[in-house]
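K.L.:
Protein sequence lines, in the order shown, are assigned to chains A and B. FYI, in the numbering used here the residues of the first sequence are 1 to 273. FYI, in the numbering used here the residues of the second sequence are 1001 to 1279.
Hints listed in this document are in silico derivations from the structure and should not be mistaken for laboratory results. Worth double-checking, as some hints may not be accurate.
What the hints assert, rightly or not - So the derived list for chain A, only partly shown, Cβ under 10 angstroms to chain B, looks like this:
#	residue
1	Pro86
2	Arg89
3	Leu91
4	Gly92
5	Tyr93
6	Ser112
7	Ile116
8	His146
9	Ala157
Each residue gets a CB set at the ideal place from its N, CA and C atoms; glycine is no exception.
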Amino acid sequence: MAGSPREDDKLQITIDGLGIRFHGGVEAVRNVSFTVRSGEFVAVVGPSGCGKSTMLNAISSLISSEEAEIRGRIAVDGTEVHVDTPPLRSLGYVFQRDTLFPWRTMIQNVESGMEIQGAPAAERARRARALIDTVGLSGFEQYYPHQVSGGMRQRAALIRTLAYEPQVILMDEPFGALDAQTRMILQGELLRIWAGSKKTILFVTHDLAEAITLGERVILFSKRPGTVTQIYDVPFPQPRDPITLRGLSEFAQLHAYIWRTLSEEFRAEGGEA
Amino acid sequence: MAQARSVPVSVARRRSQARPGARVLALRVLLLSAIVLFWEAATGGLGLGWRAFETTIVARPSLIAADFVGYARSGLMVRDLRATLSAAFLGLFLGAVGGIIVGLVFGYQRMLAAVFEPLMVALNSLPRITVAPILILWFGLGMTSKVALSLFTVFFVMFFNTFLGVRTVDPELVKAVRVMGGGPRHVARMVVIPTVASWIFAALRTSVSFALSGAVVGEFVGATRGLGYRMLLASGLLHTERVFAIMALLMLVAVILVEISRRVEVYMLRWRPPLAEMG
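Chain B on its own, in the form it takes in the complex:
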């Protein structure tokens, strides 16, 4: 028994080793500071008189930060952020629901899946953002076209994962449920749903970043508000600080969203062996 008890302990140890030490953290801060300082200096900052880049081409970090604050104070940031995130989340939600439903249907209806396979593969291999112009044409400059682009990009990720999830259901586990007296409802609840859910949660991170880029690219192509629209506008006016400020904002938003989905994934899939063991 003593031997068996050591198993979970070793699992816990391996997981904690994945956390970076204080030294790595210190070096990361140092690297970031070095980059920002070099960048500041190379764009005419720090009073060194060095101007490797024109500030209309590469904006100076301190001026980007100032513009960021100005953008936030003007109230435009909240408006743009709201527009972009609403489109992204709505697209994520609708795309996920659609992808999961169609994935389930195709997973069970082999005939249907076989007939539709070439179409799905062709649509999926179409570079996703290239449908943006036609969506603008169909749905106009408002939010609908952005939601549609987000939905389209997320749909295929969720569809393929759900479809594969249904196909990878372990027949031995289905047998186990059946010999214990379980019917189709028990098989669904105890085996199929958990299997499919694990594939869906594994696809969540990709879907979230796809949804965000779908919304922003949609705004590039044609919009009246949103982060992508504001960025394109600033770019046209050579307002380079604003372009960089919005890029920084998008990076921040993406990091937060991806980290949230990573945590959701880790929590939902906590029953899985650590990746290193899955080899």
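Bound-form chain A, shown alone:
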């Protein structure tokens, strides 16, 4: 079932033989190789603690050589990523926690990425307001993060990243802390935004249903040390609607099919946890 690469598309992320071992002795990922094409939405799914997040941290140069030994090759947009170099400007990263600055209003938070990248104030305000509109946060510009719900905070964190227009966005279980309904609504919004922008997204989750709802391809990780066990094509057409999608029998079939492989990894994990 491996994907048939469209030859004309350029590769945006190349991971080749990636291995990460922390100096404390924990081996997080071992010999991981895969590629992501420009404009593609790829979901990585695997048991918790399988090194998925560690891999994202390595891609965004957040792991220093003092913490871990990194083998293999990571390239984003043809640029090699090395430890101890500053994160690439073409990268965005949405964390599991919203990581909004509590002392900044919602709009100041949305502007912060653009501020770092040196966008002029008027341009920042204009773009922030447009994005705030698209995710339904209008009217909350002057609120502080503690005054709004978790779903609204995560929306703001998402558009803060979109606002400075990175070509590649890494997402680490960004909807993990939200309730089921809010999560599905945000999945829909993310798909809509992605369809409109054609960003390249690498989305990590431990929720298989979320992975096949969002991803054009799903990469299955084993338990730690994480390795790629399978790569599946998800044939559902775009644009997708998470709620309709989940009602389809094809969705249930694909879910059951992948689950058989994944459940073995979860079972194996059960013994350690």
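Go by the hints and put chain B onto chain A.
P.N.:
For chain B alone, kept in the frame of chain A given last:
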């Protein structure tokens, strides 16, 4: 969306509930009047012929008020107030600046902090006003010794808060700035300074009252002017009304200063969730 909009409204409601109602205010006025009237009566006032306390021990409220006015009219009050407040504010300013700088340095230099830790803890556990006599010895009876005592008391409050502030910087927020392409300057401006500032503003109220007591205690130990000096002088002359009048004045000054710093704190930290929620 309708549900989400209700969140800030509930925050606003909870805040307004903290204000006392008219009934509580009325009872407060009643309590204060009762105390003053009882006090006046118990010290031979109101023509009741009741004298539970000698007026050289507990002064009569009406006479304290009269002395307060006399003290103000003589011009001495302004002179003393100016001396005490100058020393307190100068001490507050210098102590805060020093405490913040040393706190920042120690916050970043773990080695230095580890070496100095026992010394800082020992100096901090020394009851602060006990250094007053040596400061008088070093700096004399003038304003410098009062400033020094204020500075010393404020320094440690600000130092420990700044130090803890640096240590509580959220590494996730630092990561967020870095992935957005931010360097050390952005990390400082967007994460470290706001974190440390929140600790500093939270310590402002304590620092202000420490600065004031530092200045007054310094004047007790040895001075030629100031509210503490005037109070000690009056006490020695059994001029009890004046002692009480100055106590009332100090109370008033402290209430005003603490209220100002509370408002500064609330304004600067308005991004914080209300305390009840922080549990």
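K.L.:
Determine for every hint whether it applies to the structure shown.
P.N.:
Structure-based check of each hint:
Because the smallest distance between the Cβ of Pro86 (chain A) and any Cβ of chain B comes to about 7 angstroms, under 10 angstroms, the interface hint for this residue holds. For Arg89 (chain A), the shortest C-beta to C-beta distance to chain B is roughly 5 angstroms, which falls under 10 angstroms, so the interface hint holds. Hint status for Leu91 (chain A): holds, given a least beta-carbon distance of 7 angstroms to chain B, under 10 angstroms. Residue-level restraint check for Gly92 (chain A) holds (minimum Cβ-Cβ distance to chain B is 7 angstroms; threshold 10 angstroms).
The restraint placing Tyr93 (chain A) at the interface with chain B holds, with a minimum CB-CB distance near 4 angstroms, inside the 10 angstroms limit. Annotation: Ser112 (chain A) was flagged as interfacial toward chain B, and the flag holds, the nearest CB pair being 6 angstroms apart, inside 10 angstroms. Satisfaction of the interface hint for Ile116 (chain A) is found here, the shortest Cβ-Cβ separation to chain B being roughly 4 angstroms, below the 10 angstroms cut-off. Hint on His146 (chain A) holds. Least Cβ distance to chain B is approximately 4 angstroms, under the 10 angstroms limit.
With a least beta-carbon distance of about 8 angstroms to chain B, the hint placing Ala157 (chain A) at the interface is held under the 10 angstroms criterion.
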